[in-house]
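Based on the sequences and whatever the hints tell you, model everything.
What follows is the residue order along each chain.
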Amino acid sequence: MDFEPTTEQRGVLDALTTLLARHAGTARARTGAGQGYDADLDRALREAGFLSLFGAEGAGPLEAELVVEQVARHLGSVTIGANALVGPALGIEADRGPIALVANPAVPIRYGAEAEIALVVQGDEAWYYTLQPDVVTVVESPYGVPLARLAPRDGHSLGPGSSGRMLAWWRVAIAAEAVGLMSGAFALTLTHVRGRKQNDRTIGSYQAVQHRLAECEVLLDGSRWLARQAAWLGAPEEESAAAAALAVATALRLNREVHQVTGAIGLTREYDLHLWTQRLRLVTLELSGLLGQRRALAQARWVHQDV
Amino acid sequence: MEFGWSDDARALRRDIQRFLDSSLPDWWGTPGTGLGSIRHSEYSKEFAPKLAARGWLTPHWPREYGGADGEPWQHFILGEELWLRGEPRGPQYMNVNWIGPAIIAFGTESQRNQYLPRIAGGDVLWCQGFSEPEAGTDLASLRTRADRDGDDYVINGQKVWTSYANVADYCFLLARTGSTEDRHRGISVFLVPMDAPGVEVREIDAILEGHAFHELFFTDVRVPESARLGEENAGWDIVRHALAYERVGIPRYCRAAMQLDQLAEWARENGRLTDPAVQEQMAGGRALCEAARLLVYRVVDERAKNTHVSSNVHVARAAMVLAERAVGDLGLAVMGGYAVASPIDSQYVDSVAAGLAAGTYEVQLNLIARTVLELERR
Amino acid sequence: MRGCFSADEEQFRSEVRALLEEYRDLDGFFDHGTDAATRVHPLYRALGDRGWLSLGWPREHGGQERSVVYEFILWDEMAYARAARPPLAAGVVAQSIIGHGTAEQHQRFLPSIRSGEAEFCLGLSEPEAGSDLAGVRTRAVLDGDRYLVTGEKVWTSMAHAARHIWALVRTGDLESRTRGLTFFLIDLQSPGVTIRPIPTLDGGQLNEVHLDGVSVPVTDRLGEEGDGWRILGESLVVERHVQFVPGRLRRDYDDILAWVRSVDLVTDPVVRARLADLAVGVDEVEALSVGLLAAIESGRTATAETAYNKLAGSRLSQELARAALDFGTPEGLVVGTPVEFLWRQSILETIGGGTSEMMRNTIARQALQLPSSG
Ligand SMILES: Cc1cc2nc3c(=O)[nH]c(=O)nc-3n(C[C@H](O)[C@H](O)[C@H](O)COP(=O)(O)OP(=O)(O)OC[C@H]3O[C@@H](n4cnc5c(N)ncnc54)[C@H](O)[C@@H]3O)c2cc1C
Ligand SMILES: Cc1cc2nc3c(=O)[nH]c(=O)nc-3n(C[C@H](O)[C@H](O)[C@H](O)COP(=O)(O)OP(=O)(O)OC[C@H]3O[C@@H](n4cnc5c(N)ncnc54)[C@H](O)[C@@H]3O)c2cc1C
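Chains as they are written, first to last, in the working numbering: chain Y, 1 to 307; chain C, 308 to 685; chain V, 686 to 1059.
Worth double-checking, as some hints may not be accurate.
[What the hints assert, rightly or not] Pair by pair, the computed Cβ-Cβ distance ranges are:
id	chain 1	residue 1	chain 2	residue 2	range
1	Y	Glu93	C	Asn613	23 to 33 Å
2	Y	Gly123	C	Glu309	47 to 57 Å
3	V	Asp872	Y	Arg194	34 to 44 Å
4	Y	Arg30	V	Ala964	39 to 49 Å
5	V	Ile880	C	Thr581	56 to 66 Å
6	V	Leu827	Y	Gly195	28 to 38 Å
7	V	Ile880	Y	Gly123	18 to 28 Å
8	V	Ser947	Y	Pro236	29 to 39 Å
9	C	Thr678	V	Ser1057	19 to 29 Å
Derived by calculation from the structure, the hints in this document are not laboratory data.
Yeah, the Cβ is synthetic: ideal placement off N, Cα and C, and Gly gets one too.
Laid out in structure tokens, this is it:
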């Protein structure tokens, strides 16, 4: 057990922060690059090796997970969870292009139109598809992230049991992205309540506000460590589901609270808060949302154990 | 950053489990015999010496005081395994977690020699005399006085909610040596024998299953100066130091997690485990227990590295309370009438107490807001 | 709410429903985009024709002096139909003009408000004054028979569609807090007024209203200088019975239930348990509304009842939206679909019209008699 980053991990994160300062952030999330798929960021991450940490010498899934957290926190508009965690776990090389993850074809997919590959859960198997434009139906999106439905054709199976692996890593990716997005939204909210005064007091000095935010902090911190643990352990079914279940439950709560305590300004598109919270909502809905994550955890812990 | 256990740690867990399987008595776990009951406390004097003999009572203490200079993890693993089985160390978990360490850190050589061997031997019981009728959360307003009289102190006042006072040999007592206006700067710690003339214990009838609360009255109790721990009026630092670890001293999440597993057994036998509503609730509780576990581990990790206590301890404590409450609530929701007089029902009562003892839940949130989130106190 | 209303009141309800039949396709309840005001205008006119915008006004001002129950029924049905919310003008603005206006102001404003023609917006909040309205900074300085008004109002709903703003303005110095505030009825077409839209998450808009040396005749001041805080206090209770009507929740619930049935989720135990909770929640808010009406009828200010109603209602609206998402409706992701919209819209409800924290503060002080922490 060690909760401190190693020197190597610090190095990776510092380098990533520098890269993200140039290729991500709130201003960029509002421009063309940040509204669609950010090909420049994708290229920069790929070239610097951040998408290949999963199987790299001296690094591994935990390092990849840390990258996903950071990219999400800085609003990077790329398929970071799919490309840094899920793809590599299924043996897909980093240079194959953006990956879309599909479990239910009825649900619109993040970056469905921009992805080059789709990984699709089909029963016990994960299937690999190279996407052609004619299988894509774009869906209008208010989330700051493009959406599309996919009906992919002509793929191949990645083998029996591969869907279990895909789902487990997908859950880790959901947890990691949610943690990153929550961290960004929470940091902005704290700045706001520390500075904003009403009745000659900062609103952050009201206990009603403090206690909600303190509970959010507890849940967010817990989600963060569960996500990291799940990655480090190699995404066992149970730990991955636990990470996603807590992160998604926390996201629903935190989203509510950050909007509540920022007041009317937080509801406007001019203020940055929605850049995180709108993306966060999308992440929390994946894989059947909170119920889906919790059922997966219950199954893993108490049902699958004895079959 | 890594989340694995060393081979030593794993082996230790196995050894403790085996030891517990073979040593706990037949009546163990029957209703009314849990932590805080007389039978439980008395049994600890049989059990703790056996732990001591294996080097498992105070492994984290320095060698010179009966320890093994072990790292905190070892002691913590012990705590988890013991708590899972209902904490057979009884009140002595306090001895080894914080009373002994406070005496090591703040005691004189003669105090160390007087108290530590018995604690490390496992046959002495202590109680904690902090709370008073007018001083709960706001401990700095406590009124029990210790006045100098020649070479002695004379103690007068009242303590309340004192667990284990009925069986304790000593009280770790907070009393006022300065003026009331001095608040926390006028408080000292005394190590008071419970059989001193003028000490009186009265039980308070409470809803905590088996666990007894007490009132503790001090009338002209005379103790020598050598009963004072640390400098006069410097008691507050000792308490802060001691309680920092006590907040995570009981690994409550692991028992909550065990209760959930047992609930799952019950649900399976009664055909309820496949009910998605049951699964959803239970998973929510499980995730919180796991989060609490890691947040507590982070504190142990900090302690293992540099004994520096960060505000993460409040985050960990609050997470444990959330986890315990969730399990208590959902257990009752899932079992309905079958929960009556079941372990889940005690889990519920325990979770109510967890939000109060060792600094209330609200106090933890206040501290998180101020120290972690850096929000203004008004 | 069956059985709570008299035969006359039920009769009125059927008249409202009959009218709504003609406006079936009108969706003006939520501020779906920026032309909502134009869309609901014909309905307001129709209500005006029937005298339904002045149900509770005194007869001398063209009202019907009916009890608050009628207004409640009207707007509850409107909410269930998602047709329209109460127009701002006919409620607080009209009541404050009736109570504090001059005879000339009565003549100038009340007829067009009654008929549904006049549109007002509420200019209370400012960048530095949200929950704390005593911190309002927009200033009016008397200059002969006119005031020069300078400052900024923000989060102003409907300013883009209104002709007048009912504005809380400082006439005393800044330290005067609640004492130095005055209301003005400012014509938004005056020189010096700029309105800037602020897009919100629900796809609608709020506005910033900049007032730059706007010249306002003394005759547009409501009441005396310094009356502002008292008028504000009175006005906050005027609309308490229609501020959060349960019809909208009943409608959200019915829609979710219909959707759950349509996708065969109705047998899922988790979904059933949640629906049961939500159904109880809707009943609860209805019961709170009836309690609130009774309190108002008995002549009380009903501050705590109003806060219960708003708090419970706005929270349930969020729970309804969240349940819909949790049930896994893929629609939840698609812009413009009811579920997606419900969610975005519901997060506004616990802030606008007094935040939930302020409601809880009110309940703690007024109902539970807890001391204020200052
Ligand atoms: C099972 C159990 C065992 C115990 N054993 C012992 C023992 O052995 N020895 C001992 O000395 N004590 C013991 N206690 C007492 C415990 O430490 C006190 O209950 C605790 O400190 C709270 O004090 P109080 O009960 O007086 O509550 P109060 O201080 O009166 O608090 C009541 C409520 O008000 C809230 N509150 C108070 N201040 C604030 C604030 N600033 N901000 C927000 N909320 C606030 C609290 O959070 C709480 O919810 C035990 C308690 C329990 C439940
Ligand atoms: C959809 C919508 C429409 C609106 N329309 C109008 C309009 O037409 N005209 C108009 O004038 N205004 C309008 N408003 C503004 C609304 O009245 C304010 O948003 C509201 O009063 C809160 O002010 P604020 O946004 O500045 O938040 P703040 O006052 O900054 O509050 C931020 C947070 O601090 C908390 N807080 C503040 N004080 C306390 C306290 N004492 N105790 C505990 N917590 C506290 C709040 O509850 C909130 O959670 C609208 C708002 C919305 C969302």
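Right, here's what the structure says about each hint:
The given range of 23 to 33 Å is broken by Glu93(Y) and Asn613(C), whose C-beta atoms sit roughly 42 Å from each other. A beta carbon spacing of about 35 Å between Gly123(Y) and Glu309(C) contradicts the range 47 to 57 Å that was offered as a hint. Between Asp872(V) and Arg194(Y) the beta carbons are some 40 Å apart, a value that agrees with the proposed interval 34 to 44 Å. Evaluation of the 39 to 49 Å hint for Arg30(Y) and Ala964(V) yields a pass: the beta carbon distance comes to about 42 Å.
The hinted window of 56 to 66 Å between Ile880(V) and Thr581(C) holds, with their beta carbons roughly 59 Å apart. Roughly 35 Å separates the CB atoms of Leu827(V) and Gly195(Y), a value that falls within the hinted 28 to 38 Å. Judged by the Cβ atoms, the range 18 to 28 Å given for Ile880(V) and Gly123(Y) is violated: they are separated by roughly 57 Å. Checked against the given bound of 29 to 39 Å, the beta carbons of Ser947(V) and Pro236(Y), roughly 38 Å apart, stay inside it.
For Thr678(C) paired with Ser1057(V), a C-beta distance near 26 Å keeps the hint of 19 to 29 Å intact.
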